[in-house]
Each structure stands twice: as structure tokens, then as C-alpha cells.
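Participant: Chains A and B, in that order, give the protein sequences.
Just so we're aligned, residue 0 is where the first sequence starts under numbering that gives the first Met the number 0, counting upward by one.
Just so we're aligned, residue 0 is where the second sequence starts under numbering that gives the first Met the number 0, counting upward by one.
Don't take every hint at face value.
Derived lysine-lysine pairs resembling DSSO-like cross-links, with alpha carbons at most 27 Å apart [as the list claims (entries may be wrong)]:
1) A/314 / B/161
2) B/90 / B/47
3) A/252 / A/405
4) A/405 / B/120
5) B/161 / A/161
6) A/138 / A/31
7) B/70 / A/378
8) A/378 / A/164
9) A/284 / A/243
10) A/403 / A/235
11) A/260 / A/243
12) A/243 / A/464
13) A/314 / A/430
14) B/47 / B/85
15) A/314 / B/146
16) B/146 / A/378
17) B/49 / B/90
18) A/430 / A/169
19) B/146 / B/70
20) B/161 / A/378
21) B/49 / B/120
Now the in silico label distances, taken between C-beta atoms and shown as ranges [stated by the list, open to error]:
22) A/253 / B/94: 41 to 47 Å
23) A/257 / B/168: 48 to 54 Å
24) A/130 / B/168: 42 to 48 Å
25) A/286 / B/162: 55 to 61 Å
26) A/188 / B/162: 43 to 49 Å
27) B/124 / A/69: 28 to 34 Å
28) A/69 / B/87: 49 to 55 Å
29) B/124 / A/403: 48 to 54 Å
30) B/91 / A/189: 27 to 33 Å
31) B/174 / A/43: 42 to 48 Å
Keep in mind that the hints were calculated from the coordinates and are not lab data.
The beta carbon of each residue, even a glycine, is placed where N, CA and C say it ideally should be.
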Amino acid sequence: MPAPYALTDDSVVVIIGSGAGGGTLGNELAQKGIDTVILEAGGRHEYNDFINDEWNSFGQLAWLDNRTTSGTWRVARDFPNLPAWIVKAVGGSTTHWAGASLRFQEHEFKALTNYGKIEGANLLDWPITLAELEPYYAKAENKMGVTRTNGIPGLPGNNNFKILKAGADKLGYKECNTGRMAINSETRDDRNACQQTGFCFQGCKWGAKWSTLYTEIPKGEVTGKLEVRPNSQVLKIEHDDSGKVTGVVYADKDGNMQSQKARVVCVAGNSIESPRLLLNSASSKYPDGLANSSGQVGKNYMRHTTGSVYAIFDKPVHMYRGTTMAGIIQDEARHDTSRGFAGGYELETLSIGLPFMAAFLNPGAWGRGFTTALDHYDKMAGLWIVGEDMPQEQNAVALNSELKDKFGMPIPNVNFVDHPNDVAMRDHAYKQSMALYDAVGSTRAFPTPPYPSTHNLGTNRMSEKATDGVVNKHGQTHDIKNLFVSDGSQFTTGGAENPTLTIVSLAIRQAEYIAQEMSARSI
Amino acid sequence: MVTIYERKLGLSRRDLLKRGGATALLVVSGSAVISTEHAWGLEATALKAKTMATLIQMARDIYPHDQVPDKHYAIAVKGHDEAAAKDPAHKELIENGIADLDLRAGDGGYLGVGWEEERIKVLQQIESTPFFQAVRGGLVVGLYNQKEIWPLFGYEGESYSKGGYIERGFDDIEWL
Chain A
0 MPAPYALTDD SVVVIIGSGA GGGTLGNELA QKGIDTVILE AGGRHEYNDF INDEWNSFGQ
60 LAWLDNRTTS GTWRVARDFP NLPAWIVKAV GGSTTHWAGA SLRFQEHEFK ALTNYGKIEG
120 ANLLDWPITL AELEPYYAKA ENKMGVTRTN GIPGLPGNNN FKILKAGADK LGYKECNTGR
180 MAINSETRDD RNACQQTGFC FQGCKWGAKW STLYTEIPKG EVTGKLEVRP NSQVLKIEHD
240 DSGKVTGVVY ADKDGNMQSQ KARVVCVAGN SIESPRLLLN SASSKYPDGL ANSSGQVGKN
300 YMRHTTGSVY AIFDKPVHMY RGTTMAGIIQ DEARHDTSRG FAGGYELETL SIGLPFMAAF
360 LNPGAWGRGF TTALDHYDKM AGLWIVGEDM PQEQNAVALN SELKDKFGMP IPNVNFVDHP
420 NDVAMRDHAY KQSMALYDAV GSTRAFPTPP YPSTHNLGTN RMSEKATDGV VNKHGQTHDI
480 KNLFVSDGSQ FTTGGAENPT LTIVSLAIRQ AEYIAQEMSA RSI
Chain B
0 MVTIYERKLG LSRRDLLKRG GATALLVVSG SAVISTEHAW GLEATALKAK TMATLIQMAR
60 DIYPHDQVPD KHYAIAVKGH DEAAAKDPAH KELIENGIAD LDLRAGDGGY LGVGWEEERI
120 KVLQQIESTP FFQAVRGGLV VGLYNQKEIW PLFGYEGESY SKGGYIERGF DDIEWL
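Generate the whole structure from the sequences, applying the supplied hints.
Facilitator: Here's what the structure looks like:
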């Protein structure tokens, strides 16, 4: 049963956020018998409440609180108050994610060593290696039921995949399949198999796609050691004179301010909200915000080098039918500077419905050049580019100096400028993708600009030295030993892979460390 | 309130407003815009009926889909009449915007310009204005989120209640 903990209980671990990082960490700690409270800013919508309708679902799940943008990225022009397409709900963005579950490659953990110094980039090696993370990747894949691991068969290929595969074959790509997906290809873990419904982004109404909402969280709750409080937005983390954190202040479901004491605080609000909270918790002792002696909180914001290519054929495709992202080409994920850029990228099938296609294919465009593309919606195939982008100090989440939210907390501003490496990679990926579809007979293709960010990374990065980053190899802040970061904002660099599997693996590993440090009474 | 309703025909000739192009006739009658061919009408309250008729044409010129009937463009722009009823500034934005459009179009106004290409040239002159962006921006959801038009694009919408596509063609492509 869910455990109700008192606000004054200072023995609990408080986790802020219930997505891939926070939800996983909460369950892992509860399984170890540690009293845990998750404070989640959004509401709780069980999977039968999800909506097979893009705009209505967006209204139900998306983080729609006002944010501002700056920098030269096109999102700042087209969607100035929507830098990211992420979720405000129990389960966080694991309700919305597409399920692609890839391990980082070995060289990606050592980006500075392997890519060398790149002008304008703030590259750094991770303080952990692939070998160190491998056991946790294995646990995460088993937990999440990732296809093509643990003897789980791959998902069947839908129409969009068949086009991708045909094009991959023509171009000579060798590594093309329906991917490693945390979506059940057969019944597993008391969850349904995928029914090819095609609304992965709107929350899986079958529960076939792994989400903390209906896996980690109820499993944690049943131990009696985990309490999840929805509609609870944390505004500030408090500390004592010694500098240790002591609890959090949050606005409850009725908008009343509450104070929850804590032995340990773990921040897992995704890469925009997590640094926002640390920065907003500035005090006389920590005038630049918590855990910010390095000055790196909020900096090095990464969003992956993305983009889409949609292509029209002279015959029907119906790309929207079936699992959205069960299709991948990995040949370009290698690091090979002969292509004109460092790092690599994945190509993954993608489809959006007609309403979102109208909004995102070429935002702001009008006239027949645009509408004749939509006229052939049913003959379209599509893919998404996911590549490693360069961390840059200027790409940062900062507190807006003027605008505040309804609780009086400064809203975040997200500044982003593409690095020349990002541009070179995206252009290469556009060219390859258009060639791929051309090889299958497409009559017209569209190099579609990046959407509001779904992969938000790096704003509390992990570093060996306290001067280079915010957290150590366990996600523990360098400055405050009972304060942790548990989401993708820990990423030192982005890799080419969709980040969720790595976030989950780090959370499993972090739970072991927290339990060990708590029993050693060092935190 | 703006209402879209089915309407019996029976209009005097003076109500007729010749629409450009070779498609249906849109008629302005009192406070309503009426389609003679498809028997639907749009009643305007805050905005002039002719303004609504011009907005409908403008909407089609911005996002032209020849397979989508006027009714859906009318539904997509009716929010401007509702907003104008509540907000005098919005009313001014739209009425002034349309008046400017008519002025730029010359004798006969915007609706008097026969060829789409010629109307587009007029729209291109104003595409950075708040008026144009308000109309275009509203259409992105106002037009494309109408479930009734999805089948015209081959989009099938909700699928959970039908059991997804696992038995309904998720992998039925045959031409590869």
C-alpha cells in the first residue's frame, strides 16, 4: 500500500519527479526498504485515461507552463514558449517517450579523449565507463523488457519500417532492424503486447510500452515504502547552516505551500526544471544556487542533433499505423570524422498524425508548397535523426529575470545555438535520409526542422573534478553530499542514443550507492 | 455566438456575392455567410459577414486543399468572430486587416481577385503582419484538427477502440 509519510519526517528520501530517473529511483529505494517520497508536479493519469488524439493528449500530458527561449535555434522563433515537448504527469516523459532503448557506445563516454578539443564545445569525459555501466544496462533492459535483449523477440515491422528497411538495403546499410524497444512484443511483466495502435507518443493505452507510471511506481508503492504525491511542484530545496539539504518547499494540489523534511533529496525534474530548481534555491550560503560552485548548473544544455525527413511516394504507406519508432539504422552512429563531423547519429522511424504534421512539418509555411505535402499524408514515410550534439556553455537554462509562474517562481529560459558540428551532422543526415527514400522511389522529400526538444540533457553534468561539473559518478552533487541529481541532466555528453535507458541504468546504480551511503551513515 | 448550421436556400440575387475561382458560390446575406451549393451557413455576430466571407477565402488561400469543402475553412475561422465579440482589439485587428487586404487587392477587393496566384501576391505583402499571423496561426489547429477532414487526407485518427492496427494493416504495404 502507498505509505503516507509526515511532512516532518526527516528520515525520508525525497525525489523530485517521477519519470525515468525519479520513478525508477523511487522503486529501487523502496525495494531496499528505504522510506521514499516522490513529489511530482503533474497529475496522475492511469493508462486507460490516455487519449488517442494528438492535441487533446498534448493538453492532458505536456508540460505547458510558460517558458521562454533565446538563441538562434528555430524553435525560439516557431515555438517561443515551448522549448521542449516533455510531460508533466506521474510517470513523467516515460508516458510520452517512444521506447527506443539503446546503450551508449564505449567511445561516447570519453568524448573529449576521442573527439579531441573542438572549438566552442565544452567537451568532457564521463567519470564512468561503459564497462562500469554494463551491469546496470543489463538490469534496466530486463526491468523494461527491451526487445532483442533477454531473449525477447523484436517487434514486427510496420509499413514505415518496411520503407526504411528497403531504403537501407539500397544504400548498403547493414544495421537496420525494428530496434531495441521497451515495448512488449509479447505479454511480459503482467503487461500487454503491443497492438500496433500508433499512438506511442500519446501514452500507450495498452500499457505495452514501459513507463514508470504503471511499472516502477506501483511496484514501489506495494512495498509500503514509497509515497507518490502528484500535483506537488517543488519550488525550493532548503539547507542547514552546515550546508546539508534538509527538505523541500512545494506547492500542493491546492496551491498551498508545504514543507517536506528529508534526509536525502534527489532532483529528477528533467534538464529544464532540475537546474531551475537548483538555481532558484540560492541562499546566502549558496548565492549562485545549490551545487553550483562550478558555475555549471544550467550550462551545457543539450537536445541531441535532431531533425526529421518525411518523403512522399506514389503509392500508399500509412506510416502512422503501428509502433511509432520500431525501426532503426545504426550504421551512422559511429565516430568517423571523414564525414565532416565528430560523433554519430541514429536514424529511427517516426510518424506524427495529420494535426501534428500540419504544426511541425515546416512551421510557419503556407501555400501550396506546404499543403500539397499534407495532401499526400497517407503516402508519406518518415524518420527521425538522433545524433550527438556538442555541449556548449552558452546553451543554458537560466532563470528568467522578469517572468514568474503562478507560485512566484521565476520561469526558465532556454538558450540554444547549434554548434557547427551539429549543423554538419544534421546536413549529412538529411542528405543520407533523402537519398534513402529516393532509392525506394519517393517523389518528394522534406528535411524537417527539429521539434521542441524531447531529449533534454546535460544541465547538471557529471564530472570527475568538482570544478568541471555539478555531480560525481553517482549523481551526487560535488558540493552537498545528501543532494543528488537523478535524471538526464547528469549526462556529461549526449551520445547518439535515445537517453532513457541510460537514465534508468544510472538510477538503478544510484539507488545502490544511496542505500550504501545511508547504511554507512555518511549521508 | 457564431453558429454553423444547415440552411435552406432562398436568396435574392442582390445577396449574391460572386466568389473568385471556379468552385462554389459563397453568399453574404445579412449577418450570415451561406454556401449555395452545400446548404450550410455561418452567422457572424461581431464581425461583418463580408469580413467572414473574405476570411474564409483567405484561409483557403493560406492552406489550399481542393478536396476540403469551404465549410471546414468556415469552421476554422469562426473563432475570430467569437474572439472579436469578446475583445474589441481583436475585432479591430481582423476588420482592419481585411480592409487593408481589400485595399491592396484593388477594385473589387480581395474576393474580386479571380486567380489564386494573384491573391497570394496580396497575402505575401502582409505575411509578416500580426493580422496575417493571427489568421494563419489559428488555422494550424482550427483547420487540421477537425476530425471530419482527416479521412480526406487518408488519416484514420483514433485506433485503440478498434484494437489498434495489429489486424488492420499495420504492415500491409505491397508495392515494395
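Participant: Evaluate each hint against the coordinates.
Facilitator: Comparing the hints with the structure gives:
{"no.": "1", "hint": "A/314 / B/161", "in the structure": "holds, 24 Å"}
{"no.": "2", "hint": "B/90 / B/47", "in the structure": "holds, 10 Å"}
{"no.": "3", "hint": "A/252 / A/405", "in the structure": "holds, 13 Å"}
{"no.": "4", "hint": "A/405 / B/120", "in the structure": "violated, 44 Å"}
{"no.": "5", "hint": "B/161 / A/161", "in the structure": "holds, 23 Å"}
{"no.": "6", "hint": "A/138 / A/31", "in the structure": "holds, 15 Å"}
{"no.": "7", "hint": "B/70 / A/378", "in the structure": "holds, 26 Å"}
{"no.": "8", "hint": "A/378 / A/164", "in the structure": "holds, 17 Å"}
{"no.": "9", "hint": "A/284 / A/243", "in the structure": "holds, 11 Å"}
{"no.": "10", "hint": "A/403 / A/235", "in the structure": "holds, 14 Å"}
{"no.": "11", "hint": "A/260 / A/243", "in the structure": "holds, 12 Å"}
{"no.": "12", "hint": "A/243 / A/464", "in the structure": "holds, 20 Å"}
{"no.": "13", "hint": "A/314 / A/430", "in the structure": "holds, 23 Å"}
{"no.": "14", "hint": "B/47 / B/85", "in the structure": "holds, 15 Å"}
{"no.": "15", "hint": "A/314 / B/146", "in the structure": "holds, 23 Å"}
{"no.": "16", "hint": "B/146 / A/378", "in the structure": "holds, 19 Å"}
{"no.": "17", "hint": "B/49 / B/90", "in the structure": "holds, 14 Å"}
{"no.": "18", "hint": "A/430 / A/169", "in the structure": "holds, 15 Å"}
{"no.": "19", "hint": "B/146 / B/70", "in the structure": "holds, 13 Å"}
{"no.": "20", "hint": "B/161 / A/378", "in the structure": "holds, 22 Å"}
{"no.": "21", "hint": "B/49 / B/120", "in the structure": "holds, 21 Å"}
{"no.": "22", "hint": "A/253 / B/94: 41 to 47 Å", "in the structure": "holds, 43 Å"}
{"no.": "23", "hint": "A/257 / B/168: 48 to 54 Å", "in the structure": "holds, 51 Å"}
{"no.": "24", "hint": "A/130 / B/168: 42 to 48 Å", "in the structure": "holds, 45 Å"}
{"no.": "25", "hint": "A/286 / B/162: 55 to 61 Å", "in the structure": "holds, 58 Å"}
{"no.": "26", "hint": "A/188 / B/162: 43 to 49 Å", "in the structure": "violated, 21 Å"}
{"no.": "27", "hint": "B/124 / A/69: 28 to 34 Å", "in the structure": "holds, 30 Å"}
{"no.": "28", "hint": "A/69 / B/87: 49 to 55 Å", "in the structure": "violated, 33 Å"}
{"no.": "29", "hint": "B/124 / A/403: 48 to 54 Å", "in the structure": "violated, 40 Å"}
{"no.": "30", "hint": "B/91 / A/189: 27 to 33 Å", "in the structure": "violated, 59 Å"}
{"no.": "31", "hint": "B/174 / A/43: 42 to 48 Å", "in the structure": "holds, 45 Å"}
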